[in-house]
Amino acid sequence: MAREAELRLREQLSKLKSLPLLRGARLSGDLERLQRQLDRIVAEPSDEEIWHAVQLARHEDRPYTLDYVERLFEDWFELHGDRHHGDDAAVVAGLGRFRGATVVLVGNQKGRDVKERTRRNFGMAYPEGYGKAMRAMELADRHGFPLISLVDIPGAYPGVTAEQHGQGGAIARAQSLMARLRTPIVTCVIGEGGSGGAIATALADRVLMQENAIYTVISPEGCAAILWRDAGEARKAAAAFKPDAAHCLELGVIDAVVPEPEPGAHADYDEAARLLGEALGESLEIFEGVSGEDLRRQRRVRFRTIGQVSATR
Amino acid sequence: MAREAELRLREQLSKLKSLPLLRGARLSGDLERLQRQLDRIVAEPSDEEIWHAVQLARHEDRPYTLDYVERLFEDWFELHGDRHHGDDAAVVAGLGRFRGATVVLVGNQKGRDVKERTRRNFGMAYPEGYGKAMRAMELADRHGFPLISLVDIPGAYPGVTAEQHGQGGAIARAQSLMARLRTPIVTCVIGEGGSGGAIATALADRVLMQENAIYTVISPEGCAAILWRDAGEARKAAAAFKPDAAHCLELGVIDAVVPEPEPGAHADYDEAARLLGEALGESLEIFEGVSGEDLRRQRRVRFRTIGQVSATR
Amino acid sequence: MSERIDVSIEHKHAPPQDGGRPHPNTCPECGSHYRDDELEANLRVCPHCGHHFPVHARERILQLTDEDSFAEEAAELRSDDPLGFFDLRPYTERLAEAELSTGLGEAMVIGRAAIEELPCELAVMEFGFMGGSMGRIVGEKFVRACEGATERGVPLVSVTASGGARMQEGILSLMQLPKTVCAVEDLRDSGGTLISVMAHPTTAGVLASFASLGDVIVAEPGALLSFTGPRVVQQTTREKLPEDFGLAESNLRHGHVDAIVPRSDLRPTVARLLRLFSNGA
Amino acid sequence: MSERIDVSIEHKHAPPQDGGRPHPNTCPECGSHYRDDELEANLRVCPHCGHHFPVHARERILQLTDEDSFAEEAAELRSDDPLGFFDLRPYTERLAEAELSTGLGEAMVIGRAAIEELPCELAVMEFGFMGGSMGRIVGEKFVRACEGATERGVPLVSVTASGGARMQEGILSLMQLPKTVCAVEDLRDSGGTLISVMAHPTTAGVLASFASLGDVIVAEPGALLSFTGPRVVQQTTREKLPEDFGLAESNLRHGHVDAIVPRSDLRPTVARLLRLFSNGA
Ligand SMILES: [Zn+2]
Ligand SMILES: [Zn+2]
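Residue numbers (the working numbering), protein chains in the order written: chain A, 400 to 712; chain B, 400 to 712; chain C, 511 to 791; chain D, 511 to 791.
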């Protein structure tokens, strides 16, 4: 890693240590886990560690959106349908009370068994799914409910009807809507944050990633197939484009990393949910009292300045 | 007609005579036509005259939306598609310059020959058509362009996919959007103003009807089939529910009647277009300088007070 | 393909004890027959097969609200006859008959209420009053319910059962669509909430106006929710309709309702929504 | 069904004169072959069959704008290599090669211009520069074009040709989607206009961001406009694809573009839109 980048990383880390986000973890005696997490970030993750994160992000026992919903929300009411053509089971939307206040949640949802996986289309949303998410977002905006989005999507669905129903435009419009919302938005990538499908619900005021989640512009296999002309070179691709949380934090793409229980969220759903809940709660606190107009102005500035090019070549 | 109603009508007529709307007709020497029109309104239209209007409204040579567009608009650019699933040929939307200023138009469109009629589904919109109209309305609102809607629809389409794609909700949402627009809206019923399909694009600041148009909650045939248990009794049904312009004006449902050339708009497209253009132009003038907030407040008041019940039974 | 399509009322209330029709307490799904008190005790759901019988407005209010919490509003409003409408019988006669048979002044009852101690405004339709059709008084009552909800800062819960606009009021009945839509928009602008409960049948003009504008829409199992009814669609298209054409279950699959809620869960579900939209209050 | 789907670049620019491939001036539709000046004179449309050949950014600007009206902006911006990306070759080498072969600093050219004497801002993509992929500099240039349009109160016209996000910049290239979307939102809030012209191919990250947010969207005939390309869809679903899968014509039918405009009509069409959005000025 370039020396300049390392310096930037160290600076971010020192900021990170004092962030309220991690207070929950520290207060609850998770100092060790925190230290391990910080160590991993300081030491640039090795290619092996990156690949390990890819595998954990896709782990078949990893908690999904609804696993967190049932642990974090009271009075959960799931919203169904895009009010146009369908109800996409790959996207979950609903209302619930989170720490006493009503919030709207949208999240990608994979299936646990074969039947459920098929029904949920392996977590890959159709345009109808983005439509459902947008409807829930509008509801949040109308009532001033904060919006939480949980991202866990391998990528948008490569299918004929998905194209015919305009998934490119749907992803664009979902982002466009998020850029207009006057309510706080917090996103956490909880598994795979794959490409356009992920960004469709990730234009947030604050973007988190779980420790073993990945956030990518293309799947490692897809990248390998194009650049190495061999999908089997996925490890090399992942090592090259660095989809892990530590790198995303270093690049300024996310604001914080949410710790997971050892050896990963799949090992302890309750603890994973508790840590996620802490992070979401503390993130929402940041925006209390901020006007809707300020929220959306700052949100747009955030995305317009992410990864500013530092110099010309 | 009840005495009370007659008095109200006479009052409306005296107002009508001084309305700027009719200035165009008068200035161009159409006093005779105007007088005939007024006479017809003063004398309650007979059952025969009502049925004649039903027939003229459905006349196969009656000018349709695009016939008016080509005569009234410069730089016409047609917008296509609902950005979700389709492009409904039964609804036309577009941008054009009307009397020098850009406006957005939405209109129902019937077909002239057999092939075109099928393609345009006999003018009966699908939910995709309301979707296209709504997209055009949003564009008008975003840019402050006035919205003109021309209504000419036998009714919403009674088909399986129309229901599956949610035409009830689509009609509701189209009205909901019109109630929110901050730009002036003028609607003219130019043929059949049939039921939910018509009202979907008629929640306007000012609603006009051409002299021989009809505006109905249900087709005369449909009404007859239900209440007389015989669709053949359509004449009786029409006489009973009075869908003609004179009655709609009397009931306060429309604001003015747009004259047609003799013996009806089908006889002279250019003159029909000229008269419609005058009426639309003078209607838009009324709202010049009115703020968007006032426009939509007054628009909602208008529809919340239409046909207020005068007394309890 | 016809250009002359009825898009208004088509589901008329079967007159009780009408000649060849089954008794209203006989389940049309499984044929079980019940005493009235049996059905009432089970919220008018067939204990054998789960079929949801229609519920009259007054009984619906009792099912949903806390005891003695309902205070009716605008009960005095009555429709007049703006067109002097006369088909096989005068409209005024139909109105008088409907009032006599239902004990209600119109096809909608509105008022303030509490559900699990959460205050709300209610607007409940009565299908037995001229097929739950929406004329000027139904529109006016819905508007007043919106205003009541706004004034008191509580959510509005509507329960719809309607064949559509009331054609005896001609074009004025069509005007109730934009009228109720504008009322919902005013309610929304004031930060208010509309929870829409669609019972059997919610069709035509009511589906195409306020009922579809709920912040949340829940439907009863088996309810017909379609703009045009199956008979007219069948006659027009001559296709075989899907078995569940227009039903709540089809609407859920096609994305138009948020949930199908069995009647036994309706009260707790509405209460949960009231808690959510009162933001945990 | 695979969970490992590429949704990024898949249409790579065919290298000129590459072994078995046809000459770039040979029409892939009808096999006619042209001299370069012949094609240029006909706006790079096959005079025989109407096939639309690709147009480089500089030539596109000449085709669209009034003579000498174009003033380029932000020409000095160059991409760096934030990840130290190295696949079979280093990213920096690919960048240098692209600059050499196209004569452009990046895959987008922006600047002020006039079309039929109507002022506008232009953002034109160059597919020849790494498949028109969108990295941080393309995103930045688009943002600056939005800002230029806002400052001068003129519409922005974008002409897209892109395989998607530039994967060599990893997650930072994905961030160009929200970045450009936010810029369009700011443009809109200032009352501005985006006229989106989609040329072949407009796919993946560019289709899923600013290009789809045009107030008006026009497409060139035969242009591929799909989020995922046909090859990947075919491999995943194993279905036979519709013949015009993802093409402009299919997009028009499915409601995603306003019009398909032959290249000969593009300049007058854009001018008409500029007149409309300048409100007759
Ligand atoms: Zn039963
Ligand atoms: Zn050719």
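Hints may be right or wrong, so weigh each one.
What the hints assert, rightly or not - Some chain B residues judged to face chain D by a derived CB distance under 10 Å, without partners named:
(1) Arg457
(2) Glu527
(3) Leu694
Unchecked claim - So the derived label-pair ranges between C-beta atoms look like this:
(4) Pro778/C <-> Glu661/A: 51 to 61 Å
(5) Lys514/B <-> Pro752/D: 17 to 27 Å
(6) His558/C <-> Asp693/A: 37 to 47 Å
(7) Ser788/D <-> His451/A: 33 to 43 Å
(8) Thr602/D <-> Ser445/A: 15 to 25 Å
(9) Asn789/D <-> Ser445/A: 31 to 41 Å
(10) His558/C <-> Lys750/D: 26 to 36 Å
(11) Leu751/D <-> Ser788/C: 24 to 34 Å
To be verified - Derived lysine to aspartate or glutamate pairs resembling EDC-like cross-links, with alpha carbons at most 20 Å apart:
(12) Lys635/A <-> Glu469/A
(13) Lys635/B <-> Glu539/C
(14) Lys635/B <-> Glu607/C
(15) Lys635/B <-> Asp597/C
(16) Lys635/A <-> Asp696/D
Hints in this document: simulated from the structure, not taken from any laboratory.
Values in this document were obtained by computation on a predicted structure and should not be read as measured data.
C-beta atoms are modelled at their ideal positions from N, C-alpha and C, and glycine is treated no differently.
These are the hints, each one checked on the structure:
1. Arg457: Arg457/B check fails; min Cβ-Cβ to chain D is 29 Å, beyond 10 Å.
2. Glu527: Nearest chain D Cβ about 6 Å off; hint holds.
3. Leu694: For Leu694/B, the interface hint is violated, since the closest Cβ of chain D sits about 17 Å away, which is over 10 Å.
4. Pro778/C <-> Glu661/A: 51 to 61 Å: Taking Cβ atoms as reference, Pro778/C and Glu661/A lie about 40 Å apart, which means the hint is violated.
5. Lys514/B <-> Pro752/D: 17 to 27 Å: 23 Å, holds
6. His558/C <-> Asp693/A: 37 to 47 Å: The hint (37 to 47 Å, Cβ to Cβ) is violated, given that His558/C and Asp693/A are roughly 59 Å apart.
7. Ser788/D <-> His451/A: 33 to 43 Å: 57 Å, violated
8. Thr602/D <-> Ser445/A: 15 to 25 Å: 23 Å, holds
9. Asn789/D <-> Ser445/A: 31 to 41 Å: About 60 Å separates the Cβ atoms of Asn789/D and Ser445/A, which means 31 to 41 Å is violated.
10. His558/C <-> Lys750/D: 26 to 36 Å: Taking Cβ atoms as reference, His558/C and Lys750/D lie about 49 Å apart, which means the hint is violated.
11. Leu751/D <-> Ser788/C: 24 to 34 Å: 51 Å, violated
12. Lys635/A <-> Glu469/A: The given pair, whose Cα atoms are some 37 Å apart, is violated under the 20 Å limit.
13. Lys635/B <-> Glu539/C: 39 Å, violated
14. Lys635/B <-> Glu607/C: Between Lys635/B and Glu607/C the Cα gap is close to 23 Å, so the pair fails against 20 Å, i.e. violated.
15. Lys635/B <-> Asp597/C: Within the cut-off at roughly 8 Å; holds.
16. Lys635/A <-> Asp696/D: 39 Å, violated
Hint check: violations occur at hints 1, 3, 4, 6, 7, 9, 10, 11, 12, 13, 14, 16; the rest are consistent with the structure.
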